[in-house]
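Novice: Those protein sequences? They're chains A and B, same order as listed.
The first sequence begins at 1 in the working numbering and counts up one residue at a time.
The second sequence begins at 419 in the working numbering and counts up one residue at a time.
Misleading hints may appear alongside valid ones.
What the hints assert, rightly or not - To give an idea of the interface, some chain B residues facing chain A are shown, with a C-beta separation under 10 Å as derived from the structure:
| hint | residue |
| --- | --- |
| 1 | 484 |
| 2 | 497 |
| 3 | 581 |
| 4 | 627 |
Note that these hints are calculated values from the structure, not bench results.
Computed from a prediction, not measured in an experiment: that's the story for all the values here.
Cβ atoms here follow ideal geometry from the backbone N, Cα and C, with glycine treated the same way.
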Amino acid sequence: MTSDKLGLEIGLAAEFIRSSVATGSSQHPLAHIRFSEQVAAHAVRRARRRNFAAASAACLIAIGAVCGTTALQPKALTFRVDNSATPGTLDSYVSAPAQAPLELRFSEGSHVVLQPLSRGRVSQTSTRGATMVLEDGRAHAEIVHRDDSEWRVLAGPFVVGVTGTSFDVAFDVATQTFVLKMQSGKVRVTGPGLSEPVEVRGDQRLVLSAKGTEPLKPLAAVPPPAIPPVSGTQAPEASCDTANAAGPPATPAAVGSTHRANSPQDAESFGQLGARGQHQRIIELAEKHGFDAAVAASNRADLLALGNAARFAGRANLAGMAYRAVRDRFGKSSEATTAAFFLGRMSESARPAQAISWYECYVAEAPTGVWVAEALGRRMAILNDSSGGPAAQTAAKEYLERFPSGPYAGFARKILTP
Amino acid sequence: MTLPVAPVPIQPMRSHRDAEPSPPTGAQVLSLPQKFADESELISGLCRRDPASAQALYLQYAGLVRRILIQVLGSDRDVDDLVQDTLIVVINRAPALRKVQSFRSFVIGVAIHLAKNEIRRRTVRRFVGLDDATEVPLVDPHDASAAQLARHLYRALDKMELMARTAFVLRFVHGCELAEVAAACDCSVATIKRKLARAEARFSKLVAGDPVLREALSDSSVRLAGAT
């Protein structure tokens, strides 16, 4: 088809529409006035519509905000036991088997690992934390840090308030002993015998007894280790037996829990200072009043704190004096047992044989103590370094039997490997 | 002796109401539409929502808008409402107008926009069976052949793309300049040229496929209503 023909067709069609289609109207003479009135009415309707739209939008925003707030409302934590598909139930007991630990994973990322043969339960959960009850045994907790955290671990009568940290906690029902070993962060511990919450931080350890005035159970006797003479004074031969016999009945022993009004450090006890990590202050106070006087006037918790402070300060002689004083005067206490372990630690480099004796003493006195794995492992290492052979292998076997996944397990297997 | 007395014509009595003429009861005093010197003055008045400006806009553009709407739609149904809607949109959007010279194109563009919406709406209504095909309003409604040609012509236009259809009507029926068509269709001149070329080709195919159109538009003796 040529362009001329195309143009003709379009031209004819256009001309037809132009001329034949009626586009006029019998317009009312006052149509323009009616139109202006319509415009005014339209403006009113438009303003009304705009107001309605604004009100509707405000309502929608309000509804959205309410829904959003509701949806974003934090929910109470949930937890799962050992990666099970179903969430755990509050207040139902969980018990770790003898062979393997049992892990409790919480929805906010925290997790608590119950060590073998330990048992506990989750008693309560909230939007900001949970309350875990450790009935018996040991647990390792990794709590996610939050400013408004409300995490608590109840171990026996003791309450560990957590804001975000990593720690090991143990409670022995038999001995009513509470042990807290910090790894990072800080916690606050409350319980019987503690007049105010004790803050434990860094790598500190806290050992508390909930037995009240009852004496601790009699401890098994082991050959007494030889005590090295300290700073020219003749140290008495301390043994498990003599120590046990010498001490007065145990009090609600706790680090930083007792305070003696007539002690040299009237304002604050060594135990309290030690719980806050002010070890240098303990040394200063002890030196101010005279170390011997301080040792004589201190109770078992203060003595242990004094020994620890001296050990941290590198004052081995003073530390040994304090530890031996604990063992001499409070032989049946948990502090005396702990002192045995630390005496072993201090003797390792210079007198390994004595260190072995102290470790064996500690294990005999506290067969389920928190330092048992450490004591047996260190004893094994010393035996391997000094004599080696069958003694070290026996120690390694003994260690592996009790702590197959302990920190020295690899070393023990290495000893046993021909 | 009697004196001749010139007869005095008796005047009909006038009531006191006749002393001053009064407007008939129910009458209204109306102001004549204001004449605006130029379009910028009209736009300023529209921006102020001046009723006189609205009246002037109506008097000046209602006919043009009506003509375009009927020619594009091929129907005068609801066209008065559409004219009013078009002019109200123009008033509402007047504050946003920058170029005074393009006011006419702007009015045509608004009308085209509403016409497109109306075509879409009618297409949907027709599709779902809610709308019947309406007769094209003709100058001579009794001319059966013109009615048939108009019907076939708008049926062909219905088959064209919406933009091409409006551009086709504006350019060839209404005689708008390319720039004005482009402004009304909200696209560039180059685009509108392409659209028109396609529209011409499409129209040619439609004419070829419709015996009524083919016969009427190829016949040089086609009788154009009103042309005689």
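Novice: Does each hint hold? Answer for all of them.
Specialist: A quick look at each hint next to the structure:
Residue-level restraint check for residue 484 of chain B holds (minimum Cβ-Cβ distance to chain A is 6 Å; threshold 10 Å). The closest approach between the C-beta of residue 497 of chain B and any C-beta of chain A is roughly 8 Å, which is under the 10 Å cut-off, so the hint is satisfied. With 10 Å as the threshold, the beta carbon of residue 581 of chain B stays out of range of chain A, its nearest partner Cβ sitting at about 17 Å, so the hint is violated. Given hint, residue 627 of chain B at the interface with chain A, is violated; its Cβ is 13 Å from that chain's nearest Cβ, farther than 10 Å.
In this structure, the earlier hints numbered 3 and 4 are contradicted, and the remaining ones agree with it.
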